[in-house]
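Student: Mind the numbering: the sequence shown is residues 235 to 472 in the working numbering, read in order.
Honestly, I wouldn't trust all of these hints.
Pairs of lysine-lysine, PhoX-like flavour, derived with a Cα cap of 20 Å [unchecked claim]:
1) Lys-399 to Lys-437
2) Lys-443 to Lys-359
3) Lys-418 to Lys-251
4) Lys-239 to Lys-279
5) Lys-399 to Lys-443
6) Lys-295 to Lys-239
7) Lys-419 to Lys-359
8) Lys-424 to Lys-437
9) Lys-437 to Lys-419
10) Lys-239 to Lys-251
11) Lys-359 to Lys-239
12) Lys-359 to Lys-418
13) Lys-239 to Lys-466
14) Lys-419 to Lys-304
15) Lys-437 to Lys-418
16) Lys-295 to Lys-251
17) Lys-399 to Lys-424
18) Lys-466 to Lys-295
19) Lys-304 to Lys-437
20) Lys-251 to Lys-419
21) Lys-304 to Lys-424
22) Lys-304 to Lys-418
23) Lys-466 to Lys-359
24) Lys-359 to Lys-251
25) Lys-466 to Lys-443
Pairwise CB distance ranges (calculated) [said to hold, decoys possible]:
26) Arg-383 to Gly-447: 21 to 31 Å
27) Ala-394 to Lys-279: 36 to 46 Å
28) Glu-327 to Ser-283: 16 to 26 Å
29) Arg-455 to Glu-361: 23 to 33 Å
Read the hints as simulated data drawn from the structure, not as lab findings. Virtual Cβ for every residue (Gly too), placed ideally from N, Cα, C.
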Amino acid sequence: MRIQKYMAQCGVASRRKSEELVNAGLVMVNGVVVTTPGFPIDPEKDTISVNGRMLSEPPAKMYIMINKPKGVLSTSQDTHGRELVINLIPVNERLYTVGRLDMETEGLLLLTNDGELTFRLTHPKHEFNKTYVGLVRGCPTESSLEYFRQGMDVEDYHTAPAAVKVLENYDEATLLEMIIHEGKKRQIRKMCGVLGHPIQDLKRVAVGKLTLGDLEPGEWRYLTDDEIDYLKGDEKAW
Numbered sequence: 235m236r237i238q239k240y241m242a243q244c245g246v247a248s249r250r251k252s253e254e255l256v257n258a259g260l261v262m263v264n265g266v267v268v269t270t271p272g273f274p275i276d277p278e279k280d281t282i283s284v285n286g287r288m289l290s291e292p293p294a295k296m297y298i299m300i301n302k303p304k305g306v307l308s309t310s311q312d313t314h315g316r317e318l319v320i321n322l323i324p325v326n327e328r329l330y331t332v333g334r335l336d337m338e339t340e341g342l343l344l345l346t347n348d349g350e351l352t353f354r355l356t357h358p359k360h361e362f363n364k365t366y367v368g369l370v371r372g373c374p375t376e377s378s379l380e381y382f383r384q385g386m387d388v389e390d391y392h393t394a395p396a397a398v399k400v401l402e403n404y405d406e407a408t409l410l411e412m413i414i415h416e417g418k419k420r421q422i423r424k425m426c427g428v429l430g431h432p433i434q435d436l437k438r439v440a441v442g443k444l445t446l447g448d449l450e451p452g453e454w455r456y457l458t459d460d461e462i463d464y465l466k467g468d469e470k471a472w
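Please build the complete structure, drawing on both the sequences and the hints.
Tutor: Encoded structure:
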């Protein structure tokens, strides 16, 4: 087995992050530093340590959905003492968020200790759609919405084609449903800002076919077996 795959299974980090740890010289196999991602190991015979900590039998896998409240960080640590989403889930296993939501965005966030699944869900080639409902200032024109759909220039990149539709019109604001499959930092907010209709309120309501349902902010639940199988690529599970 490749060393980064074993590290991901042990819940150290995603496979990509595990490769970075190997490159940084923080991983040892049988007491010898290994700096080659893909280094072959035998979990039953070899001893592996990361930054001085011995890895043991991979923990039981956990798959959790939470409705992240506003004002809570998706990161696993913060030097300013702000509230972290992982602290809202009272389990003993070390969990990692699958992607992130910015601090002021509410909605569906997945957490797991399955590094392989994290890698799959965050890799661009799998293109899991992310559905948001957002209240924007003003009333976008159809040409503006078409620009959103076709892809647009945001800072130093061009967005992929996306979907958007009007859910409700108000006097000075519009409620939109927006679907993207990329996950760049604050992408939805930046796209709406380019259109001249900045986000006033934003919520992620779905990732792929998984929906937030009736989870209130701060509430969480374990994923069902069918949901887990679907995320792992078994379309028949749905």
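Student: Check whether the Cα positions of Lys-437 and Lys-419 lie no farther apart than 20 Å.
Tutor: 15 Å, holds
Student: Tell me if the straight-line CA distance from Lys-443 to Lys-359 falls inside 20 Å.
Tutor: 17 Å, holds
Student: Tell me if the straight-line CA distance from Lys-359 to Lys-418 falls inside 20 Å.
Tutor: Answer holds: Lys-359 to Lys-418 is near 14 Å, not above 20 Å.
Student: At the C-beta level, are Arg-383 and Gly-447 separated by a distance inside 21 to 31 Å?
Tutor: 27 Å, holds
Student: Quick one, are Lys-418 and Lys-251 close enough, alpha carbons at most 20 Å?
Tutor: 17 Å, holds
Student: Check the hint pairing Lys-239 with Lys-279 against an upper bound of 20 Å on the C-alpha distance.
Tutor: 16 Å, holds
Student: Could one say that the CB atoms of Ala-394 and Lys-279 fall in the range 36 to 46 Å?
Tutor: With a Cβ separation near 45 Å, Ala-394 and Lys-279 satisfy 36 to 46 Å, so the hint holds.
Student: Hey, Lys-466 versus Lys-295, does the alpha-carbon distance stay inside 20 Å?
Tutor: 13 Å, holds
Student: Are the Cα atoms of Lys-239 and Lys-466 separated by 20 Å or less?
Tutor: Roughly 15 Å separates the two Cα atoms, so the pair holds.
Student: Checking one constraint from the list: CA of Lys-359 to CA of Lys-251, max 20 Å. Satisfied?
Tutor: With Cα atoms ~18 Å apart, Lys-359 and Lys-251 stay inside 20 Å; holds.
Student: Would you check the hint for Lys-419 and Lys-304, treating anything up to 20 Å between C-alpha atoms as holding?
Tutor: 16 Å, holds
Student: Next pair to validate is Lys-399 with Lys-424; report whether the Cα-Cα distance is within 20 Å.
Tutor: 17 Å, holds
When held up to the earlier numbered hints, the structure conflicts with none and fits them all.
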